[in-house]
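K.L.:
So the chains spell out like this:
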Amino acid sequence: MNHFLIGFAISSLFRRGAKSFFTIFIFTSLIFLLSSILFISNSIKEELFITLKSLPQITVQKLQAGRHTNIEISKIDKLLKLNGVQSAIPRIWGYYYFEKAGVNFSIVGIDSFDKQYKKSFEAIVKDVDFDELYKNNSMIVGEGVDKVLRENYYQGVFNFIKPDGELKKIKIASTFKSATALESNDIILMPKDLVLEIFGMNKNEVTDIVLEIANPEEIPTIAKKIKNLFPDSKVITNSDLRVSYQNIFDYKSGMFLALFIISAFTFFMIVYDKASGLSSEEKREIGILKALGWKIDDVLKAKFYEAFVVSFISFLVGVMLALFFVYTLQAPLLKDIFIGYSRLKPVFDLPFAFDFQTLFLLFFLTIPIYIAAIIIPSWRVASMNADEVMR
Amino acid sequence: MIECKNITKVFNQNKRNEQTALKNINLEIKSGELVVLKGASGSGKSTLLSLIAALSKPTIGEMVVDDKRVSKMPDNFTAMFRRQNIGFIFQKYNLISTLSSYENIILPTIPSNPDEIELDKRVDELLKMFDITSKKESHIKNLSGGEQQRVAIARALINNPKIIIADEPTANLDEKLSLEFIDIIKELKQQKRTIIIATHDPLFFNLDFVDRVIEMKDGQILCS
Ligand SMILES: Nc1ncnc2c1ncn2[C@@H]1O[C@H](COP(=O)(O)OP(=O)(O)O)[C@@H](O)[C@H]1O
Ligand SMILES: [Mg+2]
Numbered sequence: 002m003n004h005f006l007i008g009f010a011i012s013s014l015f016r017r018g019a020k021s022f023f024t025i026f027i028f029t030s031l032i033f034l035l036s037s038i039l040f041i042s043n044s045i046k047e048e049l050f051i052t053l054k055s056l057p058q059i060t061v062q063k064l065q066a067g068r069h070t071n072i073e074i075s076k077i078d079k080l081l082k083l084n085g086v087q088s089a090i091p092r093i094w095g096y097y098y099f100e101k102a103g104v105n106f107s108i109v110g111i112d113s114f115d116k117q118y119k120k121s122f123e124a125i126v127k128d129v130d131f132d133e134l135y136k137n138n139s140m141i142v143g144e145g146v147d148k149v150l151r152e153n154y155y156q157g158v159f160n161f162i163k164p165d166g167e168l169k170k171i172k173i174a175s176t177f178k179s180a181t182a183l184e185s186n187d188i189i190l191m192p193k194d195l196v197l198e199i200f201g202m203n204k205n206e207v208t209d210i211v212l213e214i215a216n217p218e219e220i221p222t223i224a225k226k227i228k229n230l231f232p233d234s235k236v237i238t239n240s241d242l243r244v245s246y247q248n249i250f251d252y253k254s255g256m257f258l259a260l261f262i263i264s265a266f267t268f269f270m271i272v273y274d275k276a277s278g279l280s281s282e283e284k285r286e287i288g289i290l291k292a293l294g295w296k297i298d299d300v301l302k303a304k305f306y307e308a309f310v311v312s313f314i315s316f317l318v319g320v321m322l323a324l325f326f327v328y329t330l331q332a333p334l335l336k337d338i339f340i341g342y343s344r345l346k347p348v349f350d351l352p353f354a355f356d357f358q359t360l361f362l363l364f365f366l367t368i369p370i371y372i373a374a375i376i377i378p379s380w381r382v383a384s385m386n387a388d389e390v391m392r
Numbered sequence: 005m006i007e008c009k010n011i012t013k014v015f016n017q018n019k020r021n022e023q024t025a026l027k028n029i030n031l032e033i034k035s036g037e038l039v040v041l042k043g044a045s046g047s048g049k050s051t052l053l054s055l056i057a058a059l060s061k062p063t064i065g066e067m068v069v070d071d072k073r074v075s076k077m078p079d080n081f082t083a084m085f086r087r088q089n090i091g092f093i094f095q096k097y098n099l100i101s102t103l104s105s106y107e108n109i110i111l112p113t114i115p116s117n118p119d120e121i122e123l124d125k126r127v128d129e130l131l132k133m134f135d136i137t138s139k140k141e142s143h144i145k146n147l148s149g150g151e152q153q154r155v156a157i158a159r160a161l162i163n164n165p166k167i168i169i170a171d172e173p174t175a176n177l178d179e180k181l182s183l184e185f186i187d188i189i190k191e192l193k194q195q196k197r198t199i200i201i202a203t204h205d206p207l208f209f210n211l212d213f214v215d216r217v218i219e220m221k222d223g224q225i226l227c228s
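Chains as they are written, first to last, in this note's numbering: chain F, 2 to 392; chain W, 5 to 228.
Don't take each hint at face value.
Lysine-lysine pairs mimicking DSS-like chemistry, simulated, CA-CA at most 27 Å apart [what the hints assert, rightly or not]: (1) W/Lys34 with W/Lys193; (2) W/Lys180 with F/Lys296; (3) W/Lys61 with F/Lys302; (4) F/Lys20 with F/Lys284; (5) W/Lys76 with F/Lys284; (6) W/Lys145 with W/Lys180; (7) F/Lys296 with W/Lys221; (8) F/Lys284 with W/Lys19; (9) F/Lys148 with F/Lys101; (10) W/Lys61 with W/Lys9; (11) W/Lys27 with W/Lys145; (12) F/Lys302 with W/Lys34; (13) F/Lys63 with F/Lys76; (14) W/Lys96 with F/Lys284.
The hints are simulated quantities; they were obtained by calculation from the structure and are not laboratory data.
Just chain F, same shape as in the assembly (with noise of 0.2 Å):
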């Protein structure tokens, strides 16, 4: 190690103090920009991974005409009765359109005592009494539901419009954060009753059932002999599902990917334009070295530290930023970019998905085509005839 080479690079770069300083601004950006766009993408892919791991595995649905309709509870009996079949969970739920927001809520409908198909739902559950809120008319909705009421001017209570077109005033009784939120947080939760109300249902029907299976190997199996019980049915498996979560997150990977080239491309202009353009002055100066009897090798050296200065502290900054901006202030702007393609924007965490992977390709992406932009125009110069200093 020379320190004495080390020094003079590093001095070099305070001498060119607002080139310096300009290229570390861009280079920080890009960084910061490029991580932050990984980082996102990796925390809905985790996202994803903890949704798809929560789906029901089979889910039987009525249908009518080749339309999704209500399932008589009845079935439950029969199909509790098949090989295989853990549990049968009966589920109460539908889309209600509010018009004036122009977003879709989904009702789900609670019975304390029942099992929970998600997971997730058990702990909101746990302590809420469902015979207090049947009583008093009342809901827990998602962060993102209250949102929307209240900016349309509900403060506590909605009104729902039942099917013979009454109204039904219901109260907020808590709110509740959505931990996995692919699916979003536009749900409200409510006692059955109150569901069956809204929707207009019989009390023997319910929208679908969804089964636990025992052995995951045998689904496809139980989904057939199901198909053949009920010829009316539709049975939906879990690697459904998975195909058409796996397709809306194909779809935002590759929003995220045009983002990230076009970013990539742009900076890098900016830069490679900064970098390759050496200024008259640098030229005197690799001249003036090689005068004084610098080797070819020695000026590029000198480069290199410069440009491995540069580019490290740009790429260690971009990354802690972008570490920030994601996990600490939840990603402003691109969040809303990426995971609000419906108009109830979910509010939920980014979960932290740190991929050491990502990082190391980011950082053998960028530096060294930096260092290369910096190091090829200046051996150029540092190759042409010494006495050029002399003219």
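Given the coordinates of chain F, assemble chain W with the ligands onto it according to the supplied hints.
P.N.:
Then chain W with the ligands, alone, in the frame of chain F:
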């Protein structure tokens, strides 16, 4: 010490602006000799100096310095050769104006990763010798012309070279500073260094410690 054998230097060869700067030069300079190259502007003095310092290569002929055929050396070896043997005082000084005197003076030593204590001792010696100790940390752009030249001389001497080359050293100095420069040259001559000075300043033509005055015209040596 220095041998120019049949040297011809053509710039922009085979182009419309082809220029023959040196024609068939034969010259020998002995170790410890002080030679003054005189001649009008454009006579080829600077070109000859840059060939001796291996800053460029002759088109025809051979340059031998200290028994090394520098005109045949690849680039990396000429750099090393310059660093170890040549102290060049350029006409325009070629200092880096945003660096301090100290930083400029140590430039030729950096590639060989010097010992810091020894280097500082050597720099202080030179600063004292040229009476610029107080300017050690000053940026070049804040120095006067004479001070800048003395920094350039100190830089040329930092590696203790056997050969010292100066191109038009008094061109930018007034008479008082020119005389001071001549004193410095006298001192270097006493240290038995080989010195070559290209100049058209008459001050150099009648000095008793100058061994030879060689006159150049149109790329050729007139008399020696
Ligand atoms: N790098 C170069 N390219 C083209 N022509 C040059 C170059 N260097 C010197 N010359 C030409 O060579 C001739 C000699 O120049 P030079 O050695 O600088 O003369 P002097 O130092 O005696 O004034 C001049 O005509 C000059 O224009
Ligand atoms: Mg000249």
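K.L.:
All the hints need checking, so say for each whether the structure fits it.
P.N.:
Hint-by-hint comparison with the structure:
1. W/Lys34 with W/Lys193: 13 Å, holds
2. W/Lys180 with F/Lys296: Cα-Cα ~38 Å, so violated.
3. W/Lys61 with F/Lys302: 25 Å, holds
4. F/Lys20 with F/Lys284: 15 Å, holds
5. W/Lys76 with F/Lys284: Since the Cα atoms of W/Lys76 and F/Lys284 sit roughly 26 Å apart, the hinted pair holds (cutoff 27 Å).
6. W/Lys145 with W/Lys180: 22 Å, holds
7. F/Lys296 with W/Lys221: 34 Å, violated
8. F/Lys284 with W/Lys19: With Cα atoms ~25 Å apart, F/Lys284 and W/Lys19 stay inside 27 Å; holds.
9. F/Lys148 with F/Lys101: 14 Å, holds
10. W/Lys61 with W/Lys9: 13 Å, holds
11. W/Lys27 with W/Lys145: Distance ~39 Å between W/Lys27 and W/Lys145 Cα, so the pair is violated.
12. F/Lys302 with W/Lys34: 37 Å, violated
13. F/Lys63 with F/Lys76: The given pair, whose Cα atoms are some 11 Å apart, holds under the 27 Å limit.
14. W/Lys96 with F/Lys284: Holds: W/Lys96 and F/Lys284 sit about 16 Å apart, inside 27 Å.
Checked against the numbered hints above, the structure breaks hints 2, 7, 11, 12 and satisfies the rest.
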